[in-house]
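S.K.: Start from the sequences, fold in the hints, and give me the full structure.
Just so you know, the sequences run in chain order A and B.
Using this note's numbering, read the first sequence as starting at 1 and increasing by one per residue.
Using this note's numbering, read the second sequence as starting at 1001 and increasing by one per residue.
Rather than coming from a laboratory, the hints here were simulated on the basis of the structure.
Heads up, some of the hints might be wrong.
Claimed, not checked - Derived coverage of chain A by chain B (criterion: at least 3 residues anywhere in the stretch with Cβ under 8 Å from a Cβ of chain B; other residues may be distant):
no., region
1, 17–27
2, 38–48
3, 53–65
4, 73–85
5, 119–132
Stated by the list, open to error - Within a straight-line C-alpha distance of at most 25 Å, the following computed DSS-like cross-link-like pairs (lysine-lysine) qualify:
no., chain 1, residue 1, chain 2, residue 2
6, B, Lys-1157, B, Lys-1085
7, B, Lys-1157, B, Lys-1010
8, B, Lys-1010, B, Lys-1298
9, B, Lys-1085, B, Lys-1010
10, A, Lys-7, B, Lys-1157
11, A, Lys-7, B, Lys-1232
12, B, Lys-1085, B, Lys-1160
13, A, Lys-7, B, Lys-1160
14, B, Lys-1160, B, Lys-1010
Said to hold, decoys possible - Label pairs and their in silico Cβ distance ranges:
no., chain 1, residue 1, chain 2, residue 2, range
15, B, Ile-1414, A, Asn-109, 25 to 31 Å
16, B, Arg-1293, A, Gly-16, 32 to 38 Å
17, B, Ser-1004, A, Met-9, 36 to 42 Å
Every residue gets a Cβ at the ideal spot worked out from N, C-alpha and C, and that includes glycine.
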Amino acid sequence: MSGTFTKSMARNIFFGGTVFFALLFLALTFDSMQTIPKRDNHANLTPAVVAGKKVWETNNCIGCHTLMGEGAYFAPELGNVYKRRGPEFIKAWIQSQPTGAPGRRQMPNFHLTEQQLNDLVEFLKYSSEINTANWPPNIEG
Amino acid sequence: MQYSSQSVAKPYFIAAIGLFLGQVLFGLIMGLQYVIGDFLFPAIPFNVARMVHTNLLIVWLLFGFMGAAYYMIPEETETELYSPKLAIAMFWVFLIAGAATILGYLLVPYAALAHYTGNDIIETMGREFLEQPLITKVGIVVVALVFLFNLTMTMLKGRKTSISLVLMMGLWGLAVFFLFSFYNPSNLVLDKYFWWWVVHLWVEGVWELILGSLLAFVLIKVTGVDREVIEKWLYVIITLTLITGIIGTGHHYFWIGTPEYWQWWGSVFSALEPIPFFAMTVFAFNMVNRRRREHPNKAATLWALGTGVMSFLGAGVWGFLHTLAPVNYYTHGTQITAAHGHMAFYGAYAMVVITIISYAMPILRGRAANSERSQVLEMWSFWLMTIAMVFITLFLTAAGILQVWLQRYSSTPIPFMAAQDQISIFYWLREGTGVIFLLGLLLYIISFFVGGSEKAKAA
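M.R.: Okay, structure coming up:
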């Protein structure tokens, strides 16, 4: 950095560059908001799905699992679990926890009601139908 | 210490280190649960331990940032803090709220905690890193606003330097982007889209302004290099940070239901994100080589150089490793992500907070630097923690590569848990290395109590 490049020039480039790229990001976000409805499966965003999302959140499922690859990496991906396992298996699995198998990773029993289980399954079904650009690479998640 | 109100930083730094210890202990619990699945079950299930681990990280870094700001702003603005009493009051509010939240995680089932703390009013809980109850989130906003008010008022009455300006922009940005944690739409795609406005625009955006200004401040002090030169570097670095990092948010928009053009925007811009970190490394070494004085605090200089190198490796190199969309298609949400997360947070944020603590704490305790013995111990802790983190990262990377192969890439993909069983050796190695990290941290804490009477001469 030679003497001709001054601090005030650096500062001006910082403010100019930041404003430019922040505006570009906002423009891309605006465009995304127009495009996302074609991919986000919102037609199936029923009251049951909304209730299921709340069950998902208030039991901190993301603390062990990933959902579309985001979350913790301790337990399987659940964004596509509806397609991998189907609704009945999911409900039976949640109800039978913990397995108590010695040395194996344990999932708590969250004492969900039949209604909550159904809502959660609806949420996972909705999630599995979002267009994720063909991710994950295979059914194992 | 030049201004008596700088002393409010001290409790913030002490709390930061204490919470850091808690974070590492819970990290070790989780590491063991990876291989002995029923360890501490059902007392501390993995999801609870993880919440504690990540939330303690965030809170101790925030304590560190706040302490750093309370230390730096009076010195930079050449005036006493607007209200030291307010700063101390907010310390206790934040500490008690933080402790109550952690105890809530540990003692109350999460669903009950959500119910009793008003999650039904505004549903914000149960999202990664933003698990805090509504009342805690509101508390964070209140503490942040009082903190920013206090510092902004200080700055208005004093000298305005570039370092303090950049620091304040970073801290205001931190508070503003946290507000997106209150927005949780039912539409999962939108939920995730704006969740990243907190998480990504924090750690790959405004937090880097804080990081840059802390590093610049310490480098001015320990090297004596001209402020004009250092502040010019600072502007160059944060320019590179934001012009790559803002659009770089797109590397999180590959597979969550967002338009596919993000695969291009995200890949190209985030591929450039290592550049500001590389510049930071060059900056730190350059300034130390051009030093005009021999500061007696060698440990602080070591932490400053370490921040440059480790943030480049962790955030820059390990970020680049899996940021291109065709690669990320296979690595997304695997142990590769965990590897990157660990070294990036340690190298960039943990280390810069320790850098400012290492520089400021001796001065807050009435000496320019700690005794030779204390510094030697601190430098040992530097190497133990840093090398341990390098190996934690390497082991998690190895686990991640195998996980990707077994579960995602081979012609006969196997289920998640079957893959986990196959790679458990790397989790054992990670856990062992984690114990070394804990030893390093304990040594670091011990260094505060060693040879306090034998004072180094002021430079």
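S.K.: Return holds or violated for the Cβ distance of Ile-1414 (chain B) and Asn-109 (chain A) against the range 25 to 31 Å.
M.R.: Check passed, 27 Å falls within 25 to 31 Å.
S.K.: With the threshold set at 25 Å, check whether the alpha-carbon distance from Lys-7 (chain A) to Lys-1157 (chain B) stays at or below it.
M.R.: 23 Å, holds
S.K.: For Arg-1293 (chain B) and Gly-16 (chain A), compare the CB-CB distance with the range 32 to 38 Å and indicate the outcome.
M.R.: About 35 Å separates the Cβ atoms of Arg-1293 (chain B) and Gly-16 (chain A), which means 32 to 38 Å holds.
S.K.: Is it true that the CA of Lys-1085 (chain B) sits at most 25 Å from the CA of Lys-1160 (chain B)?
M.R.: OK: Lys-1085 (chain B) and Lys-1160 (chain B) at ~23 Å, within 25 Å.
S.K.: So is the region 73–85 of chain A in contact with chain B by the C-beta rule, three or more residues under 8 Å, or is the coverage claim wrong?
M.R.: n = 5 at 8 Å, threshold three: holds.
S.K.: Taking 25 Å as the top limit, are the C-alpha atoms of Lys-7 (chain A) and Lys-1232 (chain B) close enough?
M.R.: 5 Å, holds
S.K.: Counting residues of the region 38–48 of chain A whose CB is closer than 8 Å to a CB in chain B, do you get three or more?
M.R.: holds (count 5)
S.K.: Per the coverage rule (Cβ-Cβ under 8 Å, at least three residues), is the region 17–27 of chain A covered by chain B?
M.R.: holds (count 7)
S.K.: How about the region 53–65 of chain A: do at least three of its residues have a C-beta closer than 8 Å to a C-beta of chain B?
M.R.: With 11 residues in contact (Cβ-Cβ under 8 Å with chain B), the coverage given for the region 53–65 of chain A holds.
S.K.: Checking one constraint from the list: CA of Lys-1010 (chain B) to CA of Lys-1298 (chain B), max 25 Å. Satisfied?
M.R.: OK: Lys-1010 (chain B) and Lys-1298 (chain B) at ~20 Å, within 25 Å.
S.K.: Given the hint that Lys-7 (chain A) pairs with Lys-1160 (chain B), does the C-alpha gap stay at or below 25 Å?
M.R.: 14 Å, holds
S.K.: Lying within 36 to 42 Å: is that true of the beta-carbon distance Ser-1004 (chain B) to Met-9 (chain A)?
M.R.: 38 Å, holds
Checked against the numbered hints above, the structure violates none of them.
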